[in-house]
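Chains as they are written, first to last, in the working numbering: chain U, 2 to 167; chain V, 225 to 467.
Possibly wrong hints are sitting among the right ones.
[As the list claims (entries may be wrong)] Below, a list of computed lysine-lysine pairs in the DSSO-like style, where the Cα atoms sit at most 30 Å apart:
(1) V:K229 x U:K141
(2) U:K55 x U:K116
(3) V:K229 x U:K116
(4) V:K381 x U:K157
(5) U:K68 x V:K467
(6) U:K161 x V:K241
(7) V:K407 x U:K68
(8) U:K46 x V:K407
(9) U:K116 x V:K370
(10) V:K407 x U:K116
(11) U:K158 x V:K467
(12) V:K407 x V:K467
(13) U:K68 x V:K241
(14) V:K373 x U:K158
(15) U:K112 x U:K46
(16) V:K370 x U:K112
(17) U:K161 x U:K116
(18) U:K8 x V:K229
(19) V:K381 x V:K407
(20) U:K158 x U:K141
(21) V:K407 x U:K55
[As the list claims (entries may be wrong)] For each label pair, taking beta carbons as the anchor points, the in silico distance ranges come out as:
(22) U:T144 x V:Q347: 39 to 49 Å
(23) V:E247 x U:D163: 45 to 55 Å
(24) U:D163 x V:N400: 35 to 45 Å
(25) V:T411 x U:S130: 27 to 37 Å
(26) V:Q347 x U:V142: 45 to 55 Å
(27) U:L7 x V:E466: 38 to 48 Å
(28) V:S327 x U:G136: 22 to 32 Å
(29) U:K158 x V:S456: 15 to 25 Å
(30) V:K407 x U:H53: 48 to 58 Å
(31) U:K141 x V:T399: 31 to 41 Å
(32) V:M225 x U:T144: 43 to 53 Å
Read the hints as simulated data drawn from the structure, not as lab findings.
By construction, the Cβ of each residue, glycine as well, lies at the ideal position given by its N, Cα and C atoms.
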Amino acid sequence: MTNSLLKIENYSDMLYKIALTQMKNRHDAEDIVQEVMYQYIKNAKSFENDEHEKAWLIHVTLNACRKVWRSAWYKHSIPFINVSEKETQSDLEENLIDREEGQEIIAAVLKLPRKYREVIHLFYFQELSINEIAGITGRKVNTVTSQMTRGRELLKKTLKEDYHFE
Amino acid sequence: MNNFKEIYQSSMNELPKYSIDMESILDEMEHKKRVNRRKKQRAISSFLSFVLILGCGVGSASAANYFQNRIEVSPVAVLEAPILTEEIQCGQEEGNGFREYASWESFEEQETIPFARPQIPMQDVEELNIQVEEYIEGVQFYQRGKDGKVVNGSMKKYDESSAHSSASVYGDSVTNPREYTTKQGFTYTLINTVGESAGNLGIHGAIAIGSYEIFIDFWGYTEEEAEQMIESMDLTVYKAAEK
Numbered sequence: 002m003t004n005s006l007l008k009i010e011n012y013s014d015m016l017y018k019i020a021l022t023q024m025k026n027r028h029d030a031e032d033i034v035q036e037v038m039y040q041y042i043k044n045a046k047s048f049e050n051d052e053h054e055k056a057w058l059i060h061v062t063l064n065a066c067r068k069v070w071r072s073a074w075y076k077h078s079i080p081f082i083n084v085s086e087k088e089t090q091s092d093l094e095e096n097l098i099d100r101e102e103g104q105e106i107i108a109a110v111l112k113l114p115r116k117y118r119e120v121i122h123l124f125y126f127q128e129l130s131i132n133e134i135a136g137i138t139g140r141k142v143n144t145v146t147s148q149m150t151r152g153r154e155l156l157k158k159t160l161k162e163d164y165h166f167e
Numbered sequence: 225m226n227n228f229k230e231i232y233q234s235s236m237n238e239l240p241k242y243s244i245d246m247e248s249i250l251d252e253m254e255h256k257k258r259v260n261r262r263k264k265q266r267a268i269s270s271f272l273s274f275v276l277i278l279g280c281g282v283g284s285a286s287a288a289n290y291f292q293n294r295i296e297v298s299p300v301a302v303l304e305a306p307i308l309t310e311e312i313q314c315g316q317e318e319g320n321g322f323r324e325y326a327s328w329e330s331f332e333e334q335e336t337i338p339f340a341r342p343q344i345p346m347q348d349v350e351e352l353n354i355q356v357e358e359y360i361e362g363v364q365f366y367q368r369g370k371d372g373k374v375v376n377g378s379m380k381k382y383d384e385s386s387a388h389s390s391a392s393v394y395g396d397s398v399t400n401p402r403e404y405t406t407k408q409g410f411t412y413t414l415i416n417t418v419g420e421s422a423g424n425l426g427i428h429g430a431i432a433i434g435s436y437e438i439f440i441d442f443w444g445y446t447e448e449e450a451e452q453m454i455e456s457m458d459l460t461v462y463k464a465a466e467k
């Protein structure tokens with residue numbers, strides 16, 4: 002596999018996990034990642050470095066998630082064809098049903114309000130700094146800091162076990 | 225004490241790795257097919273926790289049934305979500321989905337589509353996005369103030385055969401279904417939902433006027449404020465457009 006293909010593979014999985022934690026379902030996450038990658042490849046946008054490239058991809062992915070969420074029609078969409086109960090479940094939660102370890106922790110993250118879920122995932126999974134998250138999300142550093150604090154507080158309340166968050 | 229970061233990372237890494245199909249991604253025909261397919265998939269996969277079915281007649285909408293988790297109804301009216309490609313918009317091409325506006329003034333200058341715009345009492349608008357569908361008669365908007373209050377809504381015209389079946393899906397708990405009749409004599413169905421943030425109560429209104437369906441959502445507003453905004457929408461434009 003060439004370097005560029007390997008990079009795309011890695012980016013795709015990274016973006017998929019971000020989209021999955023935001024959208025909580027596989028179809029939307031795949032949809033978003035595929036379209037982001039389509040734009041990424043077709044546009045051949047030039048980046049200053051790998052960090053810039055990664056930040057751009059995360060930014061575009063989060064924007065896509067937000068726009069789908071915001072869509073009034075998304076909330077009001079009503080297709081009643083082939084709807085099964087399975088499809089209504091959160092795919093991410095479903096994947097974790099048989100997995101004791103980590104189930105509680107991911108379920109707790111998924112239950113967070115979206116803005117907290119976003120910063121918690123970027124900080125703890127992507128290992129981005131508060132400054133980087135602020136840059137990507139277009140929020141102030143103070144805002145991200147307080148969202149992180151609030152997110153942690155909510156997680157502490159939800160999780161049965163004690164965790165340290167630093 | 226457990227390390228949150230370590231366990232979260234290992235749990236996320238245990239999820240199946242997503243592998244992208246490059247050939248399919250880059251194929252234009254496949255891309256278009258995928259976009260259309262995803263529109264439908266997105267619609268059927270999302271937030272069918274609670275469903276409000278509106279039994280629609282001319283000038284009124286009424287909540288008919290509530291079901292948990294799933295609903296079965298004659299699928300004559302299917303609202304499709306906007307094409308995602310255009311939503312992602314990295315600032316490049318325009319067209320093949322919808323037209324976007326960032327101000328009500330531009331929208332009203334450029335568009336002739338019948339639309340009952342609500343007068344929204346918002347001091348500082350942080351974000352406003354108005355989208356007009358190109359292939360169907362439809363408008364949706366999202367307006368958020370710096371104080372976090374949000375009003376969003378949509379209008380869609382169905383063809384004649386599908387004007388009488390509609391539904392609305394909300395991801396959160398639906399409570400307090402009720403009706404509100406405007407001074408113009410239009411009766412909305414109103415419901416409440418509780419949003420993701422604790423105490424974030426949403427007020428949602430829905431109405432069908434002939435073949436038009438109108439939804440409006442208020443976040444952070446009182447019932448009285450929501451009613452005032454509903455009153456400010458001149459729904460006679462839809463009756464006039466039907467003639």
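Do the hints match the structure? See the list:
1. The suggested pairing of K229 of chain V with K141 of chain U holds, with an alpha-carbon distance near 23 Å, which does not exceed 30 Å.
2. Distance hint between K55 of chain U and K116 of chain U is fulfilled; the C-alpha atoms sit about 20 Å from each other, no more than 30 Å.
3. Restraint check for K229 of chain V and K116 of chain U: satisfied, since their Cα atoms lie roughly 18 Å apart, inside the 30 Å limit.
4. Taking the CA atoms of K381 of chain V and K157 of chain U, the gap is about 47 Å. The hint is violated against a cut of 30 Å.
5. Simply put, K68 of chain U and K467 of chain V have alpha-carbon atoms about 35 Å apart, too far for the 30 Å limit, and the pair is violated.
6. With a C-alpha separation of about 28 Å, the suggested pair K161 of chain U and K241 of chain V falls inside the 30 Å cut-off, and the hint holds.
7. Of the pairs offered as hints, the one joining K407 of chain V and K68 of chain U is violated, with about 34 Å between alpha carbons and a cut-off of 30 Å exceeded.
8. The straight-line distance between the Cα atoms of K46 of chain U and K407 of chain V is roughly 54 Å, outside the 30 Å bound, and the hint therefore fails.
9. A hinted pair counts as satisfied when its Cα atoms are at most 30 Å apart, and K116 of chain U with K370 of chain V qualifies at roughly 16 Å.
10. Between K407 of chain V and K116 of chain U the alpha-carbon distance is near 39 Å, which puts this suggested pair outside the 30 Å criterion.
11. A hinted pair counts as satisfied when its Cα atoms are at most 30 Å apart, and K158 of chain U with K467 of chain V does not qualify at roughly 58 Å.
12. About 22 Å separates the Cα atoms of K407 of chain V and K467 of chain V, which keeps this hinted pair within 30 Å; it holds.
13. At most 30 Å may separate the alpha-carbon atoms for a hinted pair to count; K68 of chain U and K241 of chain V meet this at roughly 25 Å.
14. A hinted pair counts as satisfied when its Cα atoms are at most 30 Å apart, and K373 of chain V with K158 of chain U qualifies at roughly 27 Å.
15. With a CA separation close to 35 Å, the supplied pair K112 of chain U and K46 of chain U exceeds the 30 Å bound.
16. About 25 Å separates the Cα atoms of K370 of chain V and K112 of chain U, which keeps this hinted pair within 30 Å; it holds.
17. Restraint check for K161 of chain U and K116 of chain U: the C-alpha separation of about 23 Å stays at or below 30 Å, so the hint holds.
18. A hinted pair counts as satisfied when its Cα atoms are at most 30 Å apart, and K8 of chain U with K229 of chain V qualifies at roughly 24 Å.
19. Restraint check: the Cα-Cα separation between K381 of chain V and K407 of chain V comes to about 23 Å, which is no more than 30 Å; the hinted pair holds.
20. Distance check on the hinted pair: K158 of chain U and K141 of chain U sit about 26 Å apart at the alpha-carbon level, within 30 Å; holds.
21. At most 30 Å may separate the alpha-carbon atoms for a hinted pair to count; K407 of chain V and K55 of chain U exceed this at roughly 53 Å.
22. A C-beta distance of roughly 20 Å is found between T144 of chain U and Q347 of chain V, which places it outside the suggested range of 39 to 49 Å.
23. Checked against the hint of 45 to 55 Å, the pair E247 of chain V and D163 of chain U passes, with Cβ atoms roughly 48 Å apart.
24. The beta-carbon spacing between D163 of chain U and N400 of chain V, approximately 39 Å, falls within the hinted interval of 35 to 45 Å.
25. Distance hint for T411 of chain V and S130 of chain U: a CB-CB separation of about 53 Å, inconsistent with the stated range 27 to 37 Å.
26. At roughly 25 Å, the beta-carbon separation of Q347 of chain V and V142 of chain U lies outside the given 45 to 55 Å, and the hint is violated.
27. Taking 38 to 48 Å as the suggested C-beta distance range, the pair L7 of chain U and E466 of chain V does not conform, at roughly 57 Å.
28. Remark: the range hint 22 to 32 Å for S327 of chain V to G136 of chain U is upheld by a beta-carbon distance near 27 Å.
29. Range check, K158 of chain U to S456 of chain V: Cβ separation about 41 Å, and the 15 to 25 Å hint is violated.
30. Take K407 of chain V and H53 of chain U: their Cβ atoms lie about 55 Å apart, and the range 48 to 58 Å holds.
31. Between K141 of chain U and T399 of chain V the C-beta distance comes to about 35 Å, which sits within the given range of 31 to 41 Å.
32. For M225 of chain V and T144 of chain U, the Cβ-Cβ distance of about 28 Å falls outside the hinted range of 43 to 53 Å, so the restraint is violated.
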